[in-house]
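**Q** Throw the hints in and build the complete structure from the sequences for me.
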Amino acid sequence: MNFQVIIPLLIFLIIIFLIGVFASKKLANSSSFVQDYFLGGRELGGLLLAMTMVATYGSASSFIGGPGIAYQTGLGWVLLAMIQVVTGYFVLTILGKKFAIMARKMKAITLIDFLKERYQSKWVVLLSASSIILFLFSAMAAQWIGGARLIESITGLSYTSALFIFAASVLVYVIIGGFRAVAITDGMQGIIMVVGTVVILAGTIIAGGGIPAIMSDLMAENPNLITPFGADGSLTPLYVSSFWILVGVGVVGLPQVAVRAMSYKNSKAMHAALIIGTIVVGFIMLGMHLAGVFGRAVLPGLDTPDTVMPLLALHVLPGWLAGIVLAAPMAAIMSTVDSLLLIVSSSIVKDVYLNYIRPDAPEKNIKRISIGVTAVVGVLVFFMAIDPPAFLITLNLFAFGGLEAAFIWPVVLGLYWKGGNAMGALASIFVGVLTYIGITVYYPDAFGMHSVVMPVMLSLLSYVLGSIVGRNRKRQEHQEIINKYLL
Amino acid sequence: MHENFNKGKGDWRYPIAHKEAWIGIALVMFHFAWWYGFAYGFGSKPVESYTYILGFPAWFFYSCILGFIIIIILVILVVRFLFKDLPLESDEEGDRP
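Here the protein sequences line up with chains Z and L, keeping their order. Numbering follows the working numbering, with no gaps: position 96 of the first sequence is 124. Numbering follows the working numbering, with no gaps: position 96 of the second sequence is 100.
I should point out that these hints are in silico values taken from the structure, not numbers from a laboratory. Source: prediction; values computed, not measured. Where is the CB? At the ideal position from N, CA and C, for every residue including glycine. Hints are not guaranteed to be accurate.
As the list claims (entries may be wrong) - Examples of chain Z residues lying across from chain L (beta carbon under 8 Å, computed):
| id | residue |
| --- | --- |
| 1 | Leu107 |
| 2 | Phe118 |
| 3 | Ile129 |
| 4 | Pro256 |
| 5 | Ser269 |
| 6 | Leu302 |
| 7 | Thr306 |
| 8 | Ile307 |
| 9 | Ala389 |
| 10 | Leu515 |
**A** Structure (structure tokens):
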């Protein structure tokens with residue numbers, strides 16, 4: 029064991045834990061537990077909003093899986109990763125003020141609250157709650173595996189004990205602190221991610237003897253490494269562009285990101301978050317993926333590219349600094365997991381239990397149930413992650429695609445198109461999820477594109493068709509929704 | 005709802021929100037064109053004929069590094085000059101036309 033590396037990591041975990049305790053104190057004085065636990069009482073300022081979006085979105089794949097593929101593929105993968113800069117400003121401009129204003133009129137706390145009020149349909153709520161639970165569960169499992177692998181590779185503990193440490197620390201602060209703890213720790217984790225990126229990139233460039241030297245090393249090994257087409261020439265412009273939908277514009281449909289677009293304090297906070305978010309997302313994506321590519325010149329011939337980040341940190345930095353830098357992927361993973369955990373439990377507690385099972389539950393019960401469900405979900409994911417599947421990034425991106433295919437149109441067109449109705453939303457979620465699973469399983473890379481593209485197009489079509497077909501049902505109710513929220 | 009006593013007019017903030025969403029879409033289109041154009045415009049040449057800027061192949065520099073800087077500048081300008089500060093709560097002073 030390398031104590032120089034472990035001590036900074038331990039300090040990091042302790043601080044996170046203290047934030048949870050601090051946030052739980054605030055929760056104890058709260059007048060509306062649900063609003064506070066799941067949304068932090070809509071008081072995020074610009075910096076915190078930007079950081080929590082970046083941290084939630086920047087996950088194990090940006091710090092472990094992504095650099096790993098960049099190591100294998102070369103600059104082409106950095107090009108692909110840089111698409112994600114779009115998310116920094118796109119989510120907040122598209123959902124933007126309209127979503128914030130409407131969510132406040134509706135008193136919505138979760139994405140599903142929004143869908144419930146907008147479409148007034150039990151089936152829309154149940155179907156979306158189940159897609160969220162299904163897909164976020166698999167996304168979470170992927171993140172936990174990443175977290176455990178990281179602790180395993182740093183400390184030399186067994187995978188299971190690493191997973192246990194990771195799970196225990198996340199569960200404690202989420203369960204006691206709720207959304208506010210998650211947002212504050214996200215803010216801190218975002219900063220750690222930025223600092224970690226700078227340090228590791230600088231360390232790698234120095235170890236590689238400067239950028240021109242690294243480039244000629246790469247070119248000597250395989251000239252394709254410095255083209256946009258990838259080491260084996262397989263990154264076609266069409267495929268790379270279709271990623272633009274998956275990790276760029278489609279992110280609007282992710283519940284864990286969308287919920288943040290309703291949690292900000294005022295439009296000033298949103299404006300600040302737009303700018304900070306763009307800079308931070310781009311910076312982390314560029315820096316981490318470049319470090320992955322450069323790592324090839326410093327540490328050639330790794331068998332498991334996923335380990336390039338930890339190995340690079342240990343190789344090019346002094347021990348204590350490596351510990352701080354390795355807190356960055358740790359932070360990325362934890363900050364994604366904590367939000368997913370909260371979204372899944374809010375879907376269960378708020379969207380299913382409080383809506384349909386016991387709407388009149390007293391405040392005291394709600395508190396117990398929220399905390400209990402969060403704990404149970406966490407423990408279930410722990411058991412799922414004990415025997416993990418091989419490809420981390422695949423599982424994570426799989427879940428992203430599924431949620432995007434399900435929600436992007438019900439959210440976006442629900443905001444901007446008066447004609448959109450429950451029939452359209454149902455058709456869209458149904459077709460999106462089914463075609464996504466079908467295409468991923470039976471016909472991946474359909475027409476040379478990532479498997480998310482077709483489902484997103486088909487679910488758009490279904491939304492429009494469904495809305496037209498369902499136009500004459502419940503005319504009265506539909507007009508009321510429009511008058512209340514869309515005019 | 006009481007917000008709509010201005011009948012037919014609706015929420016005065018929505019047109020502004022819609023305009024800002026369109027600006028977002030325009031920004032994304034421009035970003036994609038820049039990113040794609042430089043990457044494949046310069047990057048499709050044979051590797052031997054690549055030129056380098058700050059050690060990076062030119063396609064990568066223009067597409068991913070300069071492109072990123074340009075987008076940051078555009079986002080700052082757009083937010084500063086085109087986006088409006090709005091009250092988000094409906095029951096505050098936000099309902100005046």
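**Q** State for each hint whether it applies.
**A** Right, here's what the structure says about each hint:
1. Leu107: With Cβ-Cβ at 5 Å, under 8 Å, it holds.
2. Phe118: Because about 6 Å separates phenylalanine 118 of chain Z from the closest Cβ in chain L, which is inside the 8 Å limit, the hint holds.
3. Ile129: Nearest chain L Cβ about 6 Å off; hint holds.
4. Pro256: This hint holds: proline 256 of chain Z lies near chain L, its Cβ roughly 4 Å from the closest one there, short of 8 Å.
5. Ser269: Status holds, d = 7 Å.
6. Leu302: holds, 5 Å
7. Thr306: holds, 5 Å
8. Ile307: Holds. Min distance 6 Å.
9. Ala389: violated, 27 Å
10. Leu515: holds, 4 Å
Checked against the numbered hints above, the structure violates only hint 9.
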